[in-house]
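K.L.:
Here are the chains, one letter per residue:
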Amino acid sequence: MKKVGVVVFPGSNCDYDVYHVVKKILNLNAEYIWHKDTSLRDYDAIVLPGGFSYGDNLRAGAIARFSPVMQEIVKYAKAGKPLIGICNGFQVLVEAGLLPGALITNTGLRFRCEDVYLKVANQNTMFTRDYTPGQVIKMPIAHYTGNYFATDDVLKTLQDNDSIIFQYCDANGELTDDANPNGSLLNIAGIMNREKNVLGMMPHPERACEMILGSTDGLGVFTSILGGK
Amino acid sequence: MWSAKIIVEYKEGILDPEAKAIKSAFNTMGHHEIRDITTGRFFHLEFKQEISREEAEIKLKEVCEKLLSNPVIEKYKFELEEVA
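Line by line, the protein sequences give chains P and Z. Counting in our numbering, the final residue of the first sequence is number 456, and the numbers go up one at a time with none missing. Counting in our numbering, the final residue of the second sequence is number 1010, and the numbers go up one at a time with none missing.
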């Protein structure tokens, strides 16, 4: 049975949500990975969950990046295995240099906690293959530091490599400024590395896996990596 | 013993929300003469052992680039001073 590792940093708070989705909705194995662990078991995917690791001190994700477990996570990612960082997990991935660019304060200077629409900009990846190309999906965001920034050459590389995976859009799939909740360049909500095994995204797919929560559109991220529901 | 004072600031063009909020408070106070403000972070650190200035600079560069600043959005500068 497939097994997912969920990393727990001090201040992670979406770890149980991911664990619940894997165990109770997908009926697969999930295990927590403590931030002080220095060896990793074999996992089919690892999730860096959302939250406020180390109280967001210094910069969101900056301290977590130096957690003992991160050395192993970097090795795991370099070996081409599936790694996904959600929200604070995305912030950790950019701080660790596993994904390019940076996440800075939302342009509106507000913590945005609401449902957003996302366009699946690249469906041909191990994390998005259960969506249809260009599909518009809905899931929540909850962040203050989710404004994706990168230099022009990095943006161009992301575009050239089809590494932009999710973009904020309106209900019709249009990438408008109004639909961009945080000022992210190119409406970027999620990106992957060049090798396409590391995904970082600010929206929370794990909070959109049951109709009782308003949407099941997030499930596709998990079923894509782990195989059908 | 070496003591270092480090300043980390946003690079030009990066959103500085704190500065924006302070600027609007200046305006509320009536200080319209203040044209602009930027913010940054100040760190003061002291080295434990006797090491050379060159070694201290190498260590400082490393902590500044890897931890205290994010080179994608921030720049840093430091001053090294010998203290008793």
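If you are wondering where the hints come from, they were derived from the structure by calculation, not from laboratory data. Any given hint might turn out to be false.
[As the list claims (entries may be wrong)] Taking lysine-lysine pairs in the DSS-like style, the calculated list, with each CA pair at most 30 Å apart, reads:
#1 P:K305 / Z:K946
#2 P:K250 / P:K230
#3 Z:K1001 / P:K302
K.L.:
If you test the structure against every hint from before, which numbers come out violated?
P.N.:
1
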